[in-house]
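Engineer: Throughout the sequence shown, residue numbering follows the numbering used here, covering 1205 to 1760 in sequence.
A few of these clues could be false.
What the hints assert, rightly or not - Here are the simulated EDC-like pairs of lysine to aspartate or glutamate, each with C-alpha atoms no more than 20 Å apart in a straight line:
1. Lys1392 <-> Glu1287
2. Lys1392 <-> Glu1290
3. Lys1294 <-> Asp1216
4. Lys1392 <-> Glu1347
5. Lys1237 <-> Glu1290
Hints were generated in silico from the structure; no laboratory data involved.
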Amino acid sequence: MLKNVVILLRADLQGWLNGLKRGGEAWRKAVLKGIGYLVFIVALSVLGNSLFTHLRLTEAEPTLLLGVINGFMVFGIIVVAKELMESSLKSLYEAPDTALLHAAPIQPVGIFGYKFIHLTITRFLSILCFLGPPWVAFGLIFELPWHFYVVLFPVCLCLLVMIASYVAISVMLIARFFSSGWLLATLKVLGTAIGVTVGFLLSLTLFFEFEPIHIKQFLLNWASERKADTTASWYPHEWIGKLLLSWVTESTIAVRLRWALGGIGGSLAAAGMATLVAQLIYQRGWENIRQLKVSKRRPGRSTVVPQVSSIDLRQSKASHLERMWRTLGRGRIQSMMLKDFLIFVRHSGRLIAIAMLTLFLVVHIAILFVQEGNADVNAGLVLTVQIVLYSMLITFGISCNGLRDEAKTWWMLKVSPVTPKLVFTSKFLTALLCALIYAEFWSVFAVGLLRIPKDAWIPAMLTPVLTLPTACAVNTTIGTLPWMAELTHQPKPVLRVLTFTVVLVVDIALVLAPVIAWYTESFIAFIGLLILFVGIFIISYRWGIGNLRRLLIARQ
């Protein structure tokens, strides 16, 4: 069994290395994951530095310090457990190679061992990301010795093995005894909700300076209430927390060694229990999930013959929808716009990003409302910039990534009677309408709720109308570049990231320009800005159509 596990791990490592050498998709995923981890590291570092600095200056008791450490531990464990739950479902039961491995002469416990080690290795960076920054801030503020940071790596590994074991056991029990379509879908939705909530909570670190949001005091009060709670002292995060606290207090080597051995023993016991459970129920659970997928692919046929009344009702509904559809307009441009919009909304990640940005916007509006009940001119202009910039970001999937999403069906556009102008105009208008609706809705909501003065609400309502057409034209043109569309060229992930960075800077400049013109109250500057926007729009529009023409006639 161990020999099979080693062979599978070597093959997996070789496949990963080949993907990095020859596949642009692996590099793209690595770059995007690195950017996401960097954002979390910065946010957690800010939060940890603020809390531990406050505790050091106030000379807090060790029990309060332990409560804060455990708070960070709970947060990191929840995030890592969420990632492990999603990865375990996919790796143990839904991965393409799982069926092949079960058909091979390999014991189910050997397959589980390979998958478990793979999950642990791939999530080690995650636990370092979510637990490392506050621990490093803790060590720097309390001036701990260098070997404290060396201990962090085995501590993270032990904790990760514990979490992965508990999550794997839970997933195997669900697959064996409670497997159903709605339950698996609920678990996936739960993981998405946890991810959105985590990102939203971390974003609150940006508002530490606002008096109405006492985030720091709220966390300290939570830690104080946990001081007298000893019922959960056997939890893994309690072990690790007391091990870290032993470096600050005057603890002997025996005490530190006791907590260290407790963590190592707990991780080994958890891994052994997971292996035992896999030996008993993993094979049967995989068969249940497989049968569940087969039953979904073969739905039962309905033998019910529709009655005449139901047919008439359907025809009346169809005619009503058809009349409504005609009132909205018809033609090729309408069909193309509908197609672009449906492609955009089918990606759940983009919907999650829209929800995240909307939560940030709601938090900002709530802060302004709680702070004063109304907003002055400066606050209104800042809110306008945020709303317009968010409306651009949420439509990146249509403008910058619209052509890339059609890579698999690009041949249909090449052989269909559509012109480059029609394709470009469709994506441009779809992005523009979505951005305008989003921006104007939140502008009206903010103006009505915050009672923004007239000098500020006029720019808030007109800035999207002035800025978004030019910005969407520029973004759509950028999406027609060969390395952005990825239709006829090899993927270039680094160049794509650099291009996205430049586009973001340009969009920020396009948003700030009319706001500055409104603020200076210069009529000449405003007219010059309008002429500049019209020129940029015309150049972008013609350039984008030219790029699309070359893509449509290019050979694959």
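Engineer: For lysine 1392 and glutamate 1287, compute the direct alpha-carbon distance and say whether it is at most 20 Å.
Structural biologist: 10 Å, holds
Engineer: Keeping to a limit of 20 Å between CA atoms, is the pair of lysine 1294 and aspartate 1216 held or broken?
Structural biologist: 16 Å, holds
Engineer: Given the hint that lysine 1392 pairs with glutamate 1290, test it: the Cα-Cα distance must not exceed 20 Å.
Structural biologist: The given pair, whose Cα atoms are some 7 Å apart, holds under the 20 Å limit.
Engineer: Holds or violated: are the alpha carbons of lysine 1237 and glutamate 1290 at most 20 Å from each other?
Structural biologist: 16 Å, holds
Engineer: Regarding the pair lysine 1392 and glutamate 1347, is the alpha-carbon distance no greater than 20 Å?
Structural biologist: 42 Å, violated
Hint 4 from the earlier list is the only one contradicted by this structure; the remaining hints agree with it.
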